[in-house]
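> Start from chain A and add chain B according to the hints.
There are 2 protein chains.
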Amino acid sequence: MDALHDRIRALNDDEAVDGILVQLPLPPKLRTNEVIGWIRPDKDVDGIHPESLGLLLQNQPGLRPCTPMGVLELIKETGVAIEGRDAVIIGRSLIVGKPLAALLTNANATVTICHSKTRDLAGTAARADILVAAMGKAAFVTREFVKPGALVIDVGTSAVSEPETVRTLFGDDPLRAKDLADKGYTLVGDVDPRVIDKAGWLTPVPKGVGPLTIAMLMKNTLEAFKLRRKLA
Amino acid sequence: MDALHDRIRALNDDEAVDGILVQLPLPPKLRTNEVIGWIRPDKDVDGIHPESLGLLLQNQPGLRPCTPMGVLELIKETGVAIEGRDAVIIGRSLIVGKPLAALLTNANATVTICHSKTRDLAGTAARADILVAAMGKAAFVTREFVKPGALVIDVGTSAVSEPETVRTLFGDDPLRAKDLADKGYTLVGDVDPRVIDKAGWLTPVPKGVGPLTIAMLMKNTLEAFKLRRKLA
Numbered sequence: 001m002d003a004l005h006d007r008i009r010a011l012n013d014d015e016a017v018d019g020i021l022v023q024l025p026l027p028p029k030l031r032t033n034e035v036i037g038w039i040r041p042d043k044d045v046d047g048i049h050p051e052s053l054g055l056l057l058q059n060q061p062g063l064r065p066c067t068p069m070g071v072l073e074l075i076k077e078t079g080v081a082i083e084g085r086d087a088v089i090i091g092r093s094l095i096v097g098k099p100l101a102a103l104l105t106n107a108n109a110t111v112t113i114c115h116s117k118t119r120d121l122a123g124t125a126a127r128a129d130i131l132v133a134a135m136g137k138a139a140f141v142t143r144e145f146v147k148p149g150a151l152v153i154d155v156g157t158s159a160v161s162e163p164e165t166v167r168t169l170f171g172d173d174p175l176r177a178k179d180l181a182d183k184g185y186t187l188v189g190d191v192d193p194r195v196i197d198k199a200g201w202l203t204p205v206p207k208g209v210g211p212l213t214i215a216m217l218m219k220n221t222l223e224a225f226k227l228r229r230k231l232a
Numbered sequence: 001m002d003a004l005h006d007r008i009r010a011l012n013d014d015e016a017v018d019g020i021l022v023q024l025p026l027p028p029k030l031r032t033n034e035v036i037g038w039i040r041p042d043k044d045v046d047g048i049h050p051e052s053l054g055l056l057l058q059n060q061p062g063l064r065p066c067t068p069m070g071v072l073e074l075i076k077e078t079g080v081a082i083e084g085r086d087a088v089i090i091g092r093s094l095i096v097g098k099p100l101a102a103l104l105t106n107a108n109a110t111v112t113i114c115h116s117k118t119r120d121l122a123g124t125a126a127r128a129d130i131l132v133a134a135m136g137k138a139a140f141v142t143r144e145f146v147k148p149g150a151l152v153i154d155v156g157t158s159a160v161s162e163p164e165t166v167r168t169l170f171g172d173d174p175l176r177a178k179d180l181a182d183k184g185y186t187l188v189g190d191v192d193p194r195v196i197d198k199a200g201w202l203t204p205v206p207k208g209v210g211p212l213t214i215a216m217l218m219k220n221t222l223e224a225f226k227l228r229r230k231l232a
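Residue numbers (my numbering), protein chains in the order written: chain A, 1 to 232; chain B, 1 to 232.
Next up, chain A with everything else stripped away, as it sits in the complex (with noise of 0.2 Å):
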């Protein structure tokens, strides 16, 4: 811990440099809470500082973290109005679900958030407007969690390696099979794929809502040499 705490001290202190990111997950024997509060809140480029979550809160200038600012990205390119739709967010991790909850309430969103306690979990999500599955948990959000032509946004990523669960998400998809000889195993969302035929618009797994979070990364550094230097 002393180590690290001295580093991120030198980084901290150090004019030149704009944004600090400690790489998640630590070993089990440091602290995580503790070291990311270490950070200076305006060079927390992950945006996971206690500050940084309050300023979000608050809806004041601050970083955001990086995978729910690219979940919002793709909802605005889709043109879907946010103000006063239903969104639903199925889980409540600090990185994704909680600060994604805050983010879409300040943009005029009904926002409400599920997770493993949510007592009808397909009926809840079956509301929104606006649904985002992050929960990590392969296809688990089906055909009845989804209202005909909603937006929805899939945050999850597990790799699923039998054969047969590949097929029946996605038949004989010469990219999935192809996947499963190179790899032994391919990523699949937390939506069934499927659930396209309902939905009105649908984010792939991969190469979704994973590449928004390293664009905003780079964003989030930006805005930090901006923030720190009174420009934004």
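Warning: the hint list may mix true and false statements.
[Unchecked claim] EDC-like, lysine to aspartate or glutamate: derived pairs with alpha carbons at most 16 Å apart: (1) A:117 - B:83; (2) A:147 - A:120; (3) B:147 - B:172; (4) B:117 - A:129; (5) A:183 - A:162; (6) A:198 - A:144; (7) A:117 - B:129; (8) A:219 - A:2; (9) B:230 - B:15; (10) B:198 - B:144; (11) B:230 - A:34; (12) B:219 - B:73; (13) A:76 - A:129; (14) A:29 - A:2; (15) A:226 - A:15; (16) B:117 - A:83; (17) A:198 - A:120; (18) A:230 - B:34.
Since the hints were made in silico from the structure, they are not lab data.
Then chain B, alone, in the frame of chain A:
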């Protein structure tokens, strides 16, 4: 601003001071968010510093906003289980709606935050097992907002001075008539009091949530004492 900054800095550094509260609203020429940001987070007994809000979102130890904590205490006092219940909060203020959503999500409720842009407010509210009204509109929540047997928490307080409105809401209640005669107004919550016939529980206004807020401020001050000395 400078004199206030000096004062807060002195209180931050004073070992004998455990809690600092800036009485809001501030005069318009003072920038509220900036002032709140000056308070040491571990002395922020109002729980509204960005870091306090971030710790709440992270479900980590920290000081929580007082009114939402009071609401949680009221819910617990009824014995109604929170886990797995549908909770709907009307109002997304930084001191009530948003932090309460985080507290209830952490307590395993399925939480929806509604606000002025919500399309079907009554219909959404009527799905709630636990309904919290915190938008500051006198007697706005009527019977069609309430699921039979729901636990309804009324956070609003508005001064109503029209005798006709008071009679409609409270009939010939002599205490309300006395209010009008003595003060020229009576305090009305966001919930139409006649909802009591349909709700399972309804907190009164005044003398419902209000006194709890004060009690929670005292609790937070003790908590701040403990947190800063690593006793909690």
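> Confirm or reject each hint.
We went through each hint and held it up to the structure:
1. For the hint pairing residue 117 of chain A with residue 83 of chain B, the CA-to-CA distance comes to about 7 Å; that is within 16 Å, so the pair holds.
2. Under the criterion of a C-alpha separation no larger than 16 Å, the hint pairing residue 147 of chain A with residue 120 of chain A is consistent with the structure, at around 15 Å.
3. Under the criterion of a C-alpha separation no larger than 16 Å, the hint pairing residue 147 of chain B with residue 172 of chain B is inconsistent with the structure, at around 27 Å.
4. Distance check on the hinted pair: residue 117 of chain B and residue 129 of chain A sit about 15 Å apart at the alpha-carbon level, within 16 Å; holds.
5. At roughly 12 Å between alpha-carbon atoms, residue 183 of chain A and residue 162 of chain A fall within 16 Å of each other, so this suggested pair holds.
6. Restraint check for residue 198 of chain A and residue 144 of chain A: the C-alpha separation of about 9 Å stays at or below 16 Å, so the hint holds.
7. Proposed proximity of residue 117 of chain A and residue 129 of chain B is supported: the alpha carbons are some 15 Å apart, at most 16 Å.
8. At roughly 30 Å between alpha-carbon atoms, residue 219 of chain A and residue 2 of chain A are farther apart than 16 Å, so this suggested pair is violated.
9. Proximity of residue 230 of chain B to residue 15 of chain B is assessed by CA-CA distance (about 14 Å); at most 16 Å being required, the pair is judged to hold.
10. Of the pairs offered as hints, the one joining residue 198 of chain B and residue 144 of chain B holds, with about 10 Å between alpha carbons and a cut-off of 16 Å not exceeded.
11. For the proposed pair residue 230 of chain B and residue 34 of chain A, the alpha carbon gap of about 15 Å is at most 16 Å, so the pair holds.
12. With a C-alpha separation of about 12 Å, the suggested pair residue 219 of chain B and residue 73 of chain B falls inside the 16 Å cut-off, and the hint holds.
13. For the hint pairing residue 76 of chain A with residue 129 of chain A, the CA-to-CA distance comes to about 14 Å; that is within 16 Å, so the pair holds.
14. Under the criterion of a C-alpha separation no larger than 16 Å, the hint pairing residue 29 of chain A with residue 2 of chain A is consistent with the structure, at around 12 Å.
15. Under the criterion of a C-alpha separation no larger than 16 Å, the hint pairing residue 226 of chain A with residue 15 of chain A is consistent with the structure, at around 13 Å.
16. The straight-line distance between the Cα atoms of residue 117 of chain B and residue 83 of chain A is roughly 7 Å, inside the 16 Å bound, and the hint therefore holds.
17. Between residue 198 of chain A and residue 120 of chain A the CA atoms are separated by roughly 20 Å; this puts the pair beyond 16 Å, and the hint is violated.
18. Only pairs whose Cα atoms come within 16 Å are accepted, and residue 230 of chain A paired with residue 34 of chain B is accepted, the gap being roughly 15 Å.
Violated hints for the displayed structure, listed by number in ascending order: 3, 8 and 17.
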